[in-house]
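Peer 1: Residue-level listing of the chains:
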Amino acid sequence: MKTNSVERKYVMPGDVVIEGDYNPIANVIKDGNKIISTKVGMAEIAYNGVRVIPLNGTYIPRIDDVVIGKVADMNGFAWEIDINSWFFGILTGSAVFGRQFSSSRDSMKSQFNKGECMIAKILSFDRTRDPLISVSGPGLGKIEEGEITYITSSKIPRVIGKKGVMIKLIEENTGCRMTIGQNGAILLKGTDEARTKARDAIKLIGNQAHTSDLNDKVISLISK
Amino acid sequence: MSKNNIERISGRAPDELRNVSIKAGVIKNADGSALIEFGKNKIMAAVFGPKEVHPKHMMVSDRAIIKCRYHMMPFSTDTRKRPNISRREIEISKVIREALQPAIIMEDYPRTAIEIYIEILQSDGGSRCAAINAASTALADAGINMRDLVTACAAGKVNGQVVLDVDDTEDKTGEADMPIALLPNTGLITLFQLDGNLSKEEFDEALELAKTGCDKLYKLQRDALSEKYFDNKNGKTEE
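Protein chains in written order, with the numbering used here: chain A, 1 to 224; chain B, 1 to 239.
Take these hints with a grain of salt, some might be off.
[What the hints assert, rightly or not] Subject to a maximum C-alpha distance of 27 Å in a straight line, what follows is the list of computed DSS-like cross-link-like pairs (lysine-lysine):
#1 B/Lys23 - A/Lys203
#2 B/Lys219 - A/Lys203
#3 B/Lys219 - A/Lys9
#4 B/Lys51 - A/Lys121
#5 B/Lys219 - A/Lys34
#6 A/Lys162 - B/Lys28
#7 B/Lys51 - A/Lys203
#8 A/Lys30 - B/Lys28
#9 A/Lys217 - B/Lys200
#10 B/Lys56 - A/Lys9
#11 A/Lys30 - A/Lys70
#12 B/Lys51 - A/Lys70
#13 B/Lys216 - A/Lys34
#14 B/Lys228 - A/Lys203
#15 A/Lys189 - A/Lys163
#16 A/Lys30 - B/Lys219
#17 A/Lys9 - B/Lys228
#18 A/Lys70 - B/Lys81
#19 B/Lys28 - A/Lys70
#20 B/Lys42 - B/Lys56
#21 A/Lys217 - B/Lys216
#22 A/Lys114 - B/Lys56
#23 B/Lys23 - A/Lys9
#24 B/Lys211 - A/Lys34
#25 A/Lys114 - B/Lys51
Note that these hints are calculated values from the structure, not bench results.
Only chain A is shown next, with the shape it has when bound in the complex:
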């Protein structure tokens, strides 16, 4: 029976999450009447469908995701950005310089050099071509200071928490400012001590994302 409450359970590939007329949302396949998990993770059965929140795996880009990337390579027309996925994000010259971009007039190095990091947004991605990204928009652009730490991208929702509770909790208790990329990269800004505490908290979330009382565990770790 479909209800408004959300039921959760641990699943593995091949496990039947539930039988019935449910909508498969993510990381599940429908085989006849059965909804089958395709990943190790936590299944959520809600009134609108069934999804599995994976506990591992690489980042699959989605349009409008904010990601943190690093320039891996560049040519006269575009930068190749490592976005922690199996394909590079492509940042074109015209996305940075505007329509008037000319590869002979504008120096690519004046904007981004190899090894530099940026906060960007996925503009388009349809699996037949590499994801196209952009750095124009509020909060996007080159990263001038801070430290980047990584976590499995599927655990990013736990770092954010329900309605941003977890990120608020870490920021308020450590004094570290965090910018979260959906690709699993997190930018930390603040004093050395603040960043260390925030990094430890993120590591804890990474190791114990599947457990309950995560907020309490993070608070006790930070207050040590």
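Given chain A, work out where chain B should sit, using these hints.
Peer 2: Below, chain B without anything else, positioned relative to chain A:
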């Protein structure tokens, strides 16, 4: 029909597996990994990917490709094995790849490669089955979309009796060896080999026996994954 109560060299019952232990996530640098100890077999499997395809001409536009390498260490056998890839290893690599392929949802990862590396550290017969179990656990550990895990086990005929899980000595002295791999939830068979002769009755018996072996190994695979990810709360629900 098989005769009963003939003692095996290892002292096992006809339907008894060797001691098996599986551990997931043993290699930090791989995306997914597993170590299986299957009797005296010690096998390490590591999975990388999905990642870019090299060489690029091997790329397929609508799905992933799977690369599998089964390799025996020079010290894995009684006498030193030459470390280069032999014909037998090429064949087993292919067989393992084809056994795992039906379980992987390759359409989810177009233009990518999934690489599976299997290293036999110590071998004692039945290494292809053990390798499939380890590789399948490593694939799930790597977070690759799969329809099901893949479980493999062999049955055979030794001294006229159908037995489960043929080891190296039994393989050499026995009359038949039949490794199978299957998707445990659907029962679909993805690997089937038979070396030797079996009558129809013996064949049916061996197939059933191998399936029961697969069931036992499936539980161990699940335990290995739940130990890593759920602290052994296998299947328990949370609020």
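Peer 1: Which of the listed hints are not met by the structure?
Peer 2: 2, 6, 8, 9, 10, 11, 18, 20 and 21
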